[in-house]
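Chemist: The listed protein sequences correspond, in order, to chains A and B.
For the first sequence, the working numbering begins at 1 and goes up steadily by one.
For the second sequence, the working numbering begins at 1 and goes up steadily by one.
Just so you know, the hints here were simulated from the structure itself, not pulled from any lab data.
Each residue gets a CB set at the ideal place from its N, CA and C atoms; glycine is no exception.
Since no wrong hints were added, every one of them can be taken at face value.
Computed footprint of chain B on chain A, listed as stretches where at least three residues anywhere in the stretch have a Cβ under 8 Å from a Cβ of chain B:
1) 3-12
2) 29-42
3) 86-100
4) 234-242
5) 247-257
There are 2 protein chains.
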Amino acid sequence: MSFERPNIEKMQGYAPGEQRDGSQVIKLNTNENPYPASPQVEAALRAIQIESLRRYPPPLANTFRTVAAKLHGVATENIIPTNGGDELLRLLLTTYVDTDETIVISQPSYSLYPVLAEIRGCKLLEIPLRDDWAMPDDFLDSLLKSNAKMCILVNPHAPTGALLTDEYLAQLAAGFAGILVIDEAYVDFVDPGLAYDAVPLVKAFDNVLILRSLSKGYSLAGLRFGYGVGATSLLDPMLYKTRDSYNTDTVSQHLAIAALESVAYARDTWAKVRESRTSLSKALNELGLATSPSQTNFVLCQVPKSIGAQPLYLALKERNILVRHFDQHRLQDALRISIGSDSENGALLEAIQQIIGS
Amino acid sequence: MSFERPNIEKMQGYAPGEQRDGSQVIKLNTNENPYPASPQVEAALRAIQIESLRRYPPPLANTFRTVAAKLHGVATENIIPTNGGDELLRLLLTTYVDTDETIVISQPSYSLYPVLAEIRGCKLLEIPLRDDWAMPDDFLDSLLKSNAKMCILVNPHAPTGALLTDEYLAQLAAGFAGILVIDEAYVDFVDPGLAYDAVPLVKAFDNVLILRSLSKGYSLAGLRFGYGVGATSLLDPMLYKTRDSYNTDTVSQHLAIAALESVAYARDTWAKVRESRTSLSKALNELGLATSPSQTNFVLCQVPKSIGAQPLYLALKERNILVRHFDQHRLQDALRISIGSDSENGALLEAIQQIIGS
Numbered sequence: 001m002s003f004e005r006p007n008i009e010k011m012q013g014y015a016p017g018e019q020r021d022g023s024q025v026i027k028l029n030t031n032e033n034p035y036p037a038s039p040q041v042e043a044a045l046r047a048i049q050i051e052s053l054r055r056y057p058p059p060l061a062n063t064f065r066t067v068a069a070k071l072h073g074v075a076t077e078n079i080i081p082t083n084g085g086d087e088l089l090r091l092l093l094t095t096y097v098d099t100d101e102t103i104v105i106s107q108p109s110y111s112l113y114p115v116l117a118e119i120r121g122c123k124l125l126e127i128p129l130r131d132d133w134a135m136p137d138d139f140l141d142s143l144l145k146s147n148a149k150m151c152i153l154v155n156p157h158a159p160t161g162a163l164l165t166d167e168y169l170a171q172l173a174a175g176f177a178g179i180l181v182i183d184e185a186y187v188d189f190v191d192p193g194l195a196y197d198a199v200p201l202v203k204a205f206d207n208v209l210i211l212r213s214l215s216k217g218y219s220l221a222g223l224r225f226g227y228g229v230g231a232t233s234l235l236d237p238m239l240y241k242t243r244d245s246y247n248t249d250t251v252s253q254h255l256a257i258a259a260l261e262s263v264a265y266a267r268d269t270w271a272k273v274r275e276s277r278t279s280l281s282k283a284l285n286e287l288g289l290a291t292s293p294s295q296t297n298f299v300l301c302q303v304p305k306s307i308g309a310q311p312l313y314l315a316l317k318e319r320n321i322l323v324r325h326f327d328q329h330r331l332q333d334a335l336r337i338s339i340g341s342d343s344e345n346g347a348l349l350e351a352i353q354q355i356i357g358s
Numbered sequence: 001m002s003f004e005r006p007n008i009e010k011m012q013g014y015a016p017g018e019q020r021d022g023s024q025v026i027k028l029n030t031n032e033n034p035y036p037a038s039p040q041v042e043a044a045l046r047a048i049q050i051e052s053l054r055r056y057p058p059p060l061a062n063t064f065r066t067v068a069a070k071l072h073g074v075a076t077e078n079i080i081p082t083n084g085g086d087e088l089l090r091l092l093l094t095t096y097v098d099t100d101e102t103i104v105i106s107q108p109s110y111s112l113y114p115v116l117a118e119i120r121g122c123k124l125l126e127i128p129l130r131d132d133w134a135m136p137d138d139f140l141d142s143l144l145k146s147n148a149k150m151c152i153l154v155n156p157h158a159p160t161g162a163l164l165t166d167e168y169l170a171q172l173a174a175g176f177a178g179i180l181v182i183d184e185a186y187v188d189f190v191d192p193g194l195a196y197d198a199v200p201l202v203k204a205f206d207n208v209l210i211l212r213s214l215s216k217g218y219s220l221a222g223l224r225f226g227y228g229v230g231a232t233s234l235l236d237p238m239l240y241k242t243r244d245s246y247n248t249d250t251v252s253q254h255l256a257i258a259a260l261e262s263v264a265y266a267r268d269t270w271a272k273v274r275e276s277r278t279s280l281s282k283a284l285n286e287l288g289l290a291t292s293p294s295q296t297n298f299v300l301c302q303v304p305k306s307i308g309a310q311p312l313y314l315a316l317k318e319r320n321i322l323v324r325h326f327d328q329h330r331l332q333d334a335l336r337i338s339i340g341s342d343s344e345n346g347a348l349l350e351a352i353q354q355i356i357g358s
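Working from the sequences, and respecting the hints, build out all of it.
Modeler: What follows is the structure, encoded as structure tokens:
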């Protein structure tokens with residue numbers, strides 16, 4: 001017999017990108033950073049005493065909060081640390097969205113959002129992006145009409161890499177009566193020349209929460225550490241009521257602190273990824289695979305029907321190169337490719353060339 | 001303005017035991033193991049390469065599952081790894097208990113259970129223990145009458161330390177149509193002479209789930225690692241649908257594997273804790289503080305009204321000795337004291353002696 005709640009019973013779970021072991025594998029399917037975390041993070045790992053692990057972690061990770069607050073120019077109280085960014089998304093739904101309420105997302109976007117809505121049992125409105133992946137002109141109108149409790153936008157966008165400006169987000173925040181969640185999992189890879197900065201929004205608006213992750217920008221996907229930046233009225237219920245009591249552990253707290261304190265090192269990896277993004281996009285375009293302009297550490301490329309995205313994905317996988325193909329509406333003809341190291345990107349391009357025979 | 005869901009707005013959060021830093025502090029308030037984790041765990045920590053952390057962890061922690069399955073004589077599929085035992089409790093409510101359904105617990109017990117019920121927004125039935133903290137004779141009757149979806153029992157019991165037999169739990173499992181969760185956070189400290197073993201129940205009954213934690217038994221509270229043992233029909237919806245995609249991280253997976261593989265070392269710490277439990281209980285009784293028989297790594301002692309549990313708690317705290325006082329029904333006159341090292345227990349007894357002037 002099944003004990004599941006009805007909406008759990010009928011739902012499908014989230015399918016994470018394949019994690020395959022082996023030094024032979026070129027892994028460009030889950031947007032990991034190709035460069036390791038900083039020497040300061042390594043030193044923090046080496047400094048951990050086993051003795052310290054027999055005690056529970058600082059429940060609120062206050063030292064991390066202070067360091068993150070300083071980095072963003074906000075108060076310690078405006079930071080909530082979480083077990084990866086995904087935990088923050090789940091906490092937001094748990095805390096704020098009732099089963100008769102609606103969350104709004106764009107379509108396509110991060111495929112975890114609909115899964116979280118199904119788990120919560122709330123309503124989901126997916127507003128389609130335009131054909132060029134830009135936001136539709138009437139997005140705010142649709143949002144207001146939906147009477148939604150929450151809107152989650154990933155910015156820069158996954159899986160297209162497109163960036164909304166902070167001015168545009170400010171308009172949404174000002175017009176929308178619900179909570180605007182800006183999922184900035186990939187924000188570290190935005191061109192600094194664009195001067196994008198959404199942090200002032202959390203000071204100006206009580207209904208804006210920014211999600212950050214250490215997984216990509218700080219090369220710590222294995223650690224599970226993310227955080228939110230927002231008004232205390234938004235963070236406190238999650239910090240003091242709905243969060244698991246010890247949601248981040250001692251080791252990850254120490255390493256996350258070291259990562260933010262050595263942000264200069266991380267910035268160098270971001271610059272390298274941006275350079276590779278430019279050259280990889282150009283090379284893919286020359287092979288006939290058109291890429292959308294990306295402000296992330298991945299590119300979405302369209303695969304001509306004569307080649308086929310799914311066949312290309314499989315042919316690359318046979319050669320031990322993993323990229324991501326989403327078998328879902330509007331993405332069947334595309335592949336999402338994480339920016340790897342120069343040699344990984346080179347091997348990818350060579351393999352594509354061989355496969356398509358160009 | 002507040003965006004909280006109504007039941008979140010009106011609830012109070014869980015209050016974790018104080019985590020205070022400083023080598024001067026004798027910390028006997030959160031049931032941590034006084035001995036550090038095994039040398040094999042330390043070696044596993046030292047072997048972690050920063051390079052490995054840039055990738056996401058194995059999402060299902062399959063290597064850990066295999067090791068845990070071997071330890072318990074079950075199949076890999078019968079193990080679910082979680083970010084501490086608390087995550088498993090939350091997942092159980094998320095997955096199985098609807099807002100019009102009831103969970104049953106004993107009163108008193110782990111104070112997180114009512115908090116999780118409030119977050120979920122489901123109903124909670126607390127069945128009072130007898131005056132001697134034993135289960136009431138009509139517990140199963142009350143459980144059946146409640147028509148509950150789930151019953152969570154902590155065994156051995158917190159905060160009293162009492163142990164229910166596996167025969168008794170088998171009777172409950174056989175009679176109850178809902179899910180019986182046996183929270184064995186403290187099971188490692190049970191006297192082996194009692195031959196308590198609930199694992200056969202998960203093979204015999206599809207509605208039984210055992211929760212285990214590495215926090216106390218393996219001296220890894222700082223790591224946040226727990227797991228469930230149960231039928232695949234109970235575990236699969238949590239593994240593949242409701243769990244955060246990467247709920248346990250790379251470091252904790254490696255250390256948890258090493259901990260279970262060096263269980264012989266941990267068993268030595270359990271034996272030492274049991275010895276100290278006997279001597280500490282005896283000494284507390286001689287000071288006029290009656291303790292309940294405990295099969296855990298803590299003792300609950302009654303403090304005579306002439307002394308007062310709250311004043312004794314505060315006087316100990318002034319001396320940098322932390323114990324736990326629960327300001328709740330039936331526990332006002334008691335203190336829960338974690339078993340420390342010999343020197344910590346000695347310092348505690350000396351301080352109590354000074355305070356009560358005996």
